[in-house]
Amino acid sequence: MKNTAIISRLLPVLTFLLFAASLFMVFIYVPTEETMGIVQRIFYFHVPVAWIAFLAFFIVFIGSIMYLWKRQIIWDTIASSSAEIGLVFATLVLITGSIWAKPIWGVWWVWEPRLTTSLVLWFIYAAYLLVRSYASEESRGARFSAVVGIIGFIDVPIVALAITMWRTQHPGPVIFGGGLATSMLITLLVCLVAFTTLYALLLIQRVSLKKRENEIKILQNDDLILEKDTGG
Amino acid sequence: MENAGYLFASFTIIWALVFGYVLYLNNKQKNLKREIDLLKKVREDENTESAINS
Amino acid sequence: MKFWNKVFAIVWKDAISEMRTREIIFSVLIFTILVVVTFNFAFGASAETMKLVAPGILWVTFTFAGILALNRSFIPEIEEGCLGGLMICPVSREVIYVGKMLGSLFFMLIIEIIALPVFALLFNLSVLSPQLITITFLATVGFVAVGTLFSALAVNTKAREMVLPILFLPVVVPIIISAVKASGQALSGEPWGELSSWLAVLGAFDAIFIVISFWIFPFIIEE
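Residue numbers (the numbering used here), protein chains in the order written: chain E, 1 to 232; chain Y, 1 to 54; chain L, 1 to 223.
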């Protein structure tokens, strides 16, 4: 018990410190890239956001498998919480990708492999959450969305492969030209760690919130039974 | 400093959406608290009722 | 071999009920041809343009028809309460999956066999190449492999058949991309070598998703 309390106190502080550090590195420490100018700095947040979108999806995948296997609600709670957060970050990937594309390539959207795959990922997240809300009962919703989570996760690499093959026939804009200078690499890594801690923080919050929601639902059902008895 | 607007926009959007999600979680927590308080009240009322009846 | 007997029984039951009413096959067929004609109007007249957009039109049409076909594979079961009857039978869930999948496969193949010549007629393209037939077959197998799974899922939700496209379309993006690209090459008369990478994607998709759907299906229809 004590350990989790310590972690839950430390984690927000750690997240804050990491983000302070990454802001410093992105805006003060790292040199400006020559070809793209200061807009290139979006890269230091765009890449971690994309990383989190995919990491969250991996957690959805694991949670879905474990739920179908063990049928313990906690796994469904983890999966659905991760899906919510993942959707937020998938949205951010698309938006920041667009904002980056506009000054660099002059258009808001490019059918570049990574962006396009992220678009499909966004739709699969949306399908996961929609299936949950459209199910007739909670337990069905959990089961069905677990199926979507599993199929979706296996599908994404194939989608990425097909899209990459499709786009290399008509070579499009490339996101990374050449290698990264060390300072840029370090900045990127700090940002990656910062966002990963943020994800962990959000996930833990969402999961504990969902657990309380589930407990309340059970209590409410109990109360209904109680009411019937004393209503007599 | 060309295109600084885009840089600002992207960072702001990230901040806005993450913050928005945090607000959404906060809202849910408030609703949860309300439910708990309601349930507590219902329980109290029932306890006093059965105390009176018995 | 009892497995295949049971599978065949399910396929046969669906085929008979379809042949008796013929309600779905005609509407899907007319729908398919209508979509092709509408696209024709939408994309104008020049022969070069048509050659470019033809594969895309073909596969969008088959995708829409496929969604209609897949919906019909489970909706009657729910409406007439047959699904409960099916589950009481001493057949494993996997039999139901394979049976439904093959039923949808045959249904779609029939639609495609009729639609392709119509398409060839309207677009002045040759569709009888073995390449195109292979592509169509592989892509259709992939559609029904995932589609049967999602259809069973969709009919159990409040929004029913409207959920199917939302689930289905993102997942089959690789099929659509590969089928369109490969069809384009096939219609230009390219040799097998050029198509091989796209056929590999289709083949891999089919193999992976037949296995996965087969394994996951029982989780959808358990009660």
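Derived from the structure by calculation, the hints contain no laboratory data.
Do not take every clue at face value.
[Unchecked claim] In silico DMTMM-like links for lysine to aspartate or glutamate, alpha-carbon gap of 25 angstroms or less:
{"hint": "1", "chain 1": "L", "residue 1": "K158", "chain 2": "E", "residue 2": "E84"}
{"hint": "2", "chain 1": "E", "residue 1": "K102", "chain 2": "E", "residue 2": "E34"}
{"hint": "3", "chain 1": "E", "residue 1": "K102", "chain 2": "E", "residue 2": "E112"}
{"hint": "4", "chain 1": "L", "residue 1": "K158", "chain 2": "E", "residue 2": "E138"}
{"hint": "5", "chain 1": "Y", "residue 1": "K30", "chain 2": "E", "residue 2": "E138"}
{"hint": "6", "chain 1": "L", "residue 1": "K13", "chain 2": "L", "residue 2": "E222"}
{"hint": "7", "chain 1": "Y", "residue 1": "K30", "chain 2": "E", "residue 2": "E213"}
{"hint": "8", "chain 1": "E", "residue 1": "K217", "chain 2": "E", "residue 2": "E34"}
{"hint": "9", "chain 1": "E", "residue 1": "K217", "chain 2": "Y", "residue 2": "E2"}
{"hint": "10", "chain 1": "L", "residue 1": "K158", "chain 2": "E", "residue 2": "E137"}
{"hint": "11", "chain 1": "Y", "residue 1": "K33", "chain 2": "E", "residue 2": "E215"}
{"hint": "12", "chain 1": "L", "residue 1": "K6", "chain 2": "L", "residue 2": "E48"}
{"hint": "13", "chain 1": "E", "residue 1": "K102", "chain 2": "Y", "residue 2": "E2"}
{"hint": "14", "chain 1": "E", "residue 1": "K217", "chain 2": "Y", "residue 2": "D37"}
{"hint": "15", "chain 1": "E", "residue 1": "K211", "chain 2": "E", "residue 2": "E112"}
{"hint": "16", "chain 1": "E", "residue 1": "K211", "chain 2": "Y", "residue 2": "D37"}
{"hint": "17", "chain 1": "E", "residue 1": "K210", "chain 2": "Y", "residue 2": "D37"}
{"hint": "18", "chain 1": "Y", "residue 1": "K41", "chain 2": "E", "residue 2": "E213"}
Hint check:
With a CA separation close to 21 angstroms, the supplied pair L:K158 and E:E84 stays within the 25 angstroms bound. Distance restraint check for E:K102 and E:E34: the Cα-Cα separation of roughly 18 angstroms lies within the 25 angstroms cut-off, and the hinted pair is therefore satisfied. At most 25 angstroms may separate the alpha-carbon atoms for a hinted pair to count; E:K102 and E:E112 meet this at roughly 13 angstroms. For the given pair, L:K158 sits about 12 angstroms from E:E138 by alpha-carbon distance, which is consistent with the 25 angstroms threshold.
With a CA separation close to 22 angstroms, the supplied pair Y:K30 and E:E138 stays within the 25 angstroms bound. With a C-alpha separation of about 21 angstroms, the suggested pair L:K13 and L:E222 falls inside the 25 angstroms cut-off, and the hint holds. A C-alpha spacing of about 11 angstroms is found between Y:K30 and E:E213, which places the hinted pair at or below 25 angstroms, so the restraint holds. Between E:K217 and E:E34 the CA atoms are separated by roughly 57 angstroms; this puts the pair beyond 25 angstroms, and the hint is violated.
The straight-line distance between the Cα atoms of E:K217 and Y:E2 is roughly 54 angstroms, outside the 25 angstroms bound, and the hint therefore fails. Between L:K158 and E:E137 the CA atoms are separated by roughly 10 angstroms; this keeps the pair inside 25 angstroms, and the hint holds. At most 25 angstroms may separate the alpha-carbon atoms for a hinted pair to count; Y:K33 and E:E215 meet this at roughly 12 angstroms. Proposed proximity of L:K6 and L:E48 is contradicted: the alpha carbons are some 50 angstroms apart, above 25 angstroms.
Proximity of E:K102 to Y:E2 is assessed by CA-CA distance (about 13 angstroms); at most 25 angstroms being required, the pair is judged to hold. Using a Cα cut-off of 25 angstroms, the hinted pair E:K217 and Y:D37 holds, with the two alpha carbons roughly 14 angstroms apart. The straight-line distance between the Cα atoms of E:K211 and E:E112 is roughly 40 angstroms, outside the 25 angstroms bound, and the hint therefore fails. With a C-alpha separation of about 17 angstroms, the suggested pair E:K211 and Y:D37 falls inside the 25 angstroms cut-off, and the hint holds.
A threshold of 25 angstroms between alpha carbons decides the hint, and for E:K210 with Y:D37 the separation of about 17 angstroms falls inside it, so the pair holds. For the hint pairing Y:K41 with E:E213, the CA-to-CA distance comes to about 18 angstroms; that is within 25 angstroms, so the pair holds.
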